[in-house]
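Participant: Position chain Z against the provided structure of chain C, taking the given hints into account.
So the sequences go chain by chain: C and Z.
Per the numbering used here, residue 2 is the first one in the first sequence, and the count goes up by one each step.
Per the numbering used here, residue 248 is the first one in the second sequence, and the count goes up by one each step.
Calculated directly from the structure, the hints in this document are not laboratory data.
Just so it is clear, the structure is predicted and the values come from calculations on it, not from any experiment.
Glycine is no exception: its CB is placed at the ideal position from the N, C-alpha and C atoms.
Treat the hints with care, as some may be off.
[What the hints assert, rightly or not] Quick look at which bits of chain Z chain C covers, simulated, 3 or more residues with Cβ under 8 Å: (1) 348 to 359; (2) 906 to 919.
[As the list claims (entries may be wrong)] Heads up, incomplete: computed chain C residues facing chain Z, CB under 10 Å, no partners named: (3) T25; (4) V28; (5) L29; (6) L30; (7) R31; (8) K32; (9) V37; (10) V98; (11) D99; (12) A101; (13) T102; (14) T103.
[What the hints assert, rightly or not] Label-pair distances were calculated between CB atoms; the ranges are: (15) Z:T921 with C:V81: 19 to 29 Å; (16) C:F90 with Z:Q909: 28 to 38 Å; (17) Z:V899 with C:M39: 46 to 56 Å; (18) C:A88 with Z:F940: 43 to 53 Å.
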Amino acid sequence: MSWLTQITTNHYLVLAAVLFMLGTVGVLLRKNGLIVFMCIELMLNAANLTFIAFARQLGQESAHVVVFFVMAVAAAEAAVGLAIFVAMFRQKKTVYVDEATTLKH
Amino acid sequence: MSDTHHEHENGHGELSYWSAFWVGLFVAAVVLFTGLSVEPEKIPRLWLALIPLMPAFGALFNGIFVRHMPKLWTVVIAVGAPIVSFVFSVFLFFWLKKEGMEYIDVTLYEWLSAGAFSLDVTFRLDALSGVMILVVSGVGSLIHVYSIGYIAHDASHNRFFTYLNLFMFAMLVLVLGNSMPLTFIGWEGVGLCSYLLIGFWFEDHANASAGKKAFIVNRIGDVGVLLGMFLIFQATGTLVYEEIAANMDKILNPTTVTVFGAGTATAIGLLLFLGCTGKSAQIPLYVWLPDAMAGPTPVSALIHAATMVTAGVYLIARMNFLYVATPEAMTVVAIVGALTALFAATIGLFQYDIKKVLAYSTVSQLGYMFLAVGVGAFTAGIFHLMTHAFFKACLFLGSGSVIHGMHEEQDIRKMGGLAKFMPKTHWTFFISCIAIAGLPPLAAFFSKDEILWHAFANKNVVVPWLPNVLWLIGAIAAGFTAFYMFRLYFLTFRGECRAPAALQKKIHESPPSMTWPLIILSGLAIVGGWVGMPAIFHVPNLFHENLHHVLSYEGLILSRIAPESEHAWEWIMMLTSVAIACAGIAVAWVIYGKKPDWKWQPNDNFVYQMIHNKYWVDEGYFYAFVRPLVNFSVFLWRMVDAWIIDGALTWVTSAVAYNVGQGIRIVQTGNVQTYLLSFVIGVSLLVFYLWRFVG
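The shape of chain C in the complex, shown without the other chains:
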């Protein structure tokens, strides 16, 4: 298991950055609202990963609490967001975000 001990905090941070960038690009480019949502979850989890990595490095358990908070807020946000998309689908028969442009007017 020596390879496991060779994983440093930097590795976790790089992974988190990659995940965050994937999420950001997804949010900006994908048109399907549900996928956009998943990408937002990906960004949140990337943030969680940095929290955990630093908690492990510094030996401070309090960061875990923040992670649980983020998860709870993400769950609540997903509930609200999905409800919005359900309502949007009922109105416009679509969940594609580029077709919801009524704020412009």
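Facilitator: Leaving out everything else, chain Z in the frame of chain C:
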């Protein structure tokens, strides 16, 4: 006197006579006990402070509750306040004499403080301000009492008394202030009250316009006063009269003052005199005073005859130390005064409005006062100011009584024979006419004679032959004065009544609250001159002795008459002026008095038309100043404001806003991902900045 006006008031007062009496007694008791509770040596100062403050309290109280006060209470407060001021004034005037003091000061509080400059609100009572407060509060009190009857049935009764009290306050501050800014506050305050009271019946457009005219014309003069004050401050660094007098060498020294150099004193004198021509209605700014007759008659008597319009004379007398240093400014003052005396007297010859005659007479008499101060006879000027206050207030109040009795008729062509309808008004008016005409031993005989004598005897270093001309102008104006006053008297009170028969039945004598002030003032018009007997009568001249300290610079003015021939000349002058006055009266009698059935004939004579139309000065001012100014204002409005400014605002700003909006609207796509992209780019830039330049 109080009984009579309360009786009169009781007819329509909301409260009983007795409750008002108790309130008055209570106020008197409070004032008395306030006086008793302070140390004895402070009482004079307390009372000095209360002289202007009593009317201020009256104005404040009546002003705040103007809509809610019963008429009777307003009358008690408003008439009581100046009477209390008058009692204090009399007490302090004689107390000062008894103690042999030259002045007392009372400092209320520090008003301004900026760097090394500091100015207190200080009232100074000396001989000059003592005479002034006696005249102002004395005549003012009588006119307040008179107003009770005159204004009783007016809807704005309480507002009237509020303004009157406010005027008393401002006028007393004007004369009691020990510094120019304090005098200026009073100066502007009386101007404001004048405006408010001329336009008192502002529903009539003409009255409101007359008020505006007075206000605007006075502003022109006030610029002069302000500039004079600035020059004085630049030269001496102080505005307190006493300190200016002590620093006169700085004004006269060309190295300390830059703009006018050696002519600074003359510049100051002329600038202050410009203010005086506005406030005291001299050429060229006299035009507002005849129009000011639009106000209620007690106002004409108080403000536009007895007190406010004399403020200019007071200011020059107060600044006598400055004027004696500048013969040029003095000469201008004397010439303007003499010309105004003659000019206004000629206009008075052919006026048919009873108040207009008196208004031009006032302008003319003020001209005499400026003639006096212009030849350095400051005491004579103040003396004439005092006697004029008595007889002119009496004449104005008499005309008010006539107008009241004639049911608002002011045209003397429709009067005549009023002597039998209103005997008290008639006799007091008659006495005042003799007094103003200058027959011995009534008031103006002494004061006007003294002025003419000084105008003749004065040695003018600028124009050596000027005294002869000044005397001649003054003497001719005196003859005209006697003529137009007796013309007014004969047309109003003598002959047969020319009023319609229906009106004749209704003509009545005025109530006692109006006739008693007339009687007192006519009494003063008889005896008022006796305090200033000329030297040739060999009795002490109380007036001169009183003012000797304050107006001591008067002694610097030289006489061109040798001392040994002085008495002979003075007798000649006196007899001449009496003869001229008698001639004026005689001519008036021949034309208007002899035939009882005088009929007015329209007159086409050019000279008559010119004088009757007041030399078309108002029309000239209208075409020379008012209309160009109005046209220029219309130009500014139509072209500059409506076209350039509004055009710039509407066209330029709307074009800018429209085009900027057109440019920016493309960023609002309505696509949430575009917004997110800009958000991400923004955050990235921020992070980059923090990382690269801050962290």
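Participant: Indicate, hint by hint, whether the structure satisfies it.
Facilitator: Verification of the hints:
1. Check result for the stretch 348 to 359 of chain Z against chain C: violated, 0 residues qualifying (beta carbon to beta carbon below 8 Å, three or more required).
2. With 5 residues carrying a beta carbon less than 8 Å from a beta carbon of chain C, the stretch 906 to 919 of chain Z meets the three-residue requirement, and the given coverage holds.
3. Taking 10 Å as the C-beta cut-off, the interface hint given for T25 (chain C) holds, the closest approach to chain Z being about 6 Å.
4. A cut of 10 Å between beta carbons decides the hint on V28 (chain C): the least distance to chain Z is about 6 Å, and the hint holds.
5. At about 5 Å, the closest approach between the beta carbon of L29 (chain C) and any beta carbon in chain Z falls short of 10 Å, and the interface hint on this residue holds.
6. Checking L30 (chain C) against chain Z: minimum C-beta separation of about 8 Å stays under 10 Å; hint holds.
7. Nearest Cβ of chain Z to the Cβ of R31 (chain C): about 9 Å, under the 10 Å cut. The hint holds.
8. Because the smallest distance between the Cβ of K32 (chain C) and any Cβ of chain Z comes to about 8 Å, under 10 Å, the interface hint for this residue holds.
9. At a threshold of 10 Å, the smallest CB-CB gap from V37 (chain C) to chain Z is about 8 Å, leaving the interface hint in force.
10. For V98 (chain C), the shortest C-beta to C-beta distance to chain Z is roughly 6 Å, which falls under 10 Å, so the interface hint holds.
11. A cut of 10 Å between beta carbons decides the hint on D99 (chain C): the least distance to chain Z is about 5 Å, and the hint holds.
12. Annotation: A101 (chain C) was flagged as interfacial toward chain Z, and the flag holds, the nearest CB pair being 7 Å apart, inside 10 Å.
13. A hinted interface residue such as T102 (chain C) counts as satisfied when its beta carbon comes closer than 10 Å to some beta carbon of chain Z; here the least separation is about 3 Å, so the hint holds.
14. The closest approach between the C-beta of T103 (chain C) and any C-beta of chain Z is roughly 7 Å, which is under the 10 Å cut-off, so the hint is satisfied.
15. For T921 (chain Z) and V81 (chain C), the hinted distance range of 19 to 29 Å is satisfied, since their beta carbons lie about 23 Å from each other.
16. Between F90 (chain C) and Q909 (chain Z) the beta carbon distance is about 35 Å. The supplied range of 28 to 38 Å therefore holds.
17. Checked against the given bound of 46 to 56 Å, the beta carbons of V899 (chain Z) and M39 (chain C), roughly 52 Å apart, stay inside it.
18. Separated by about 45 Å at the C-beta atoms, A88 (chain C) and F940 (chain Z) satisfy the suggested range of 43 to 53 Å.
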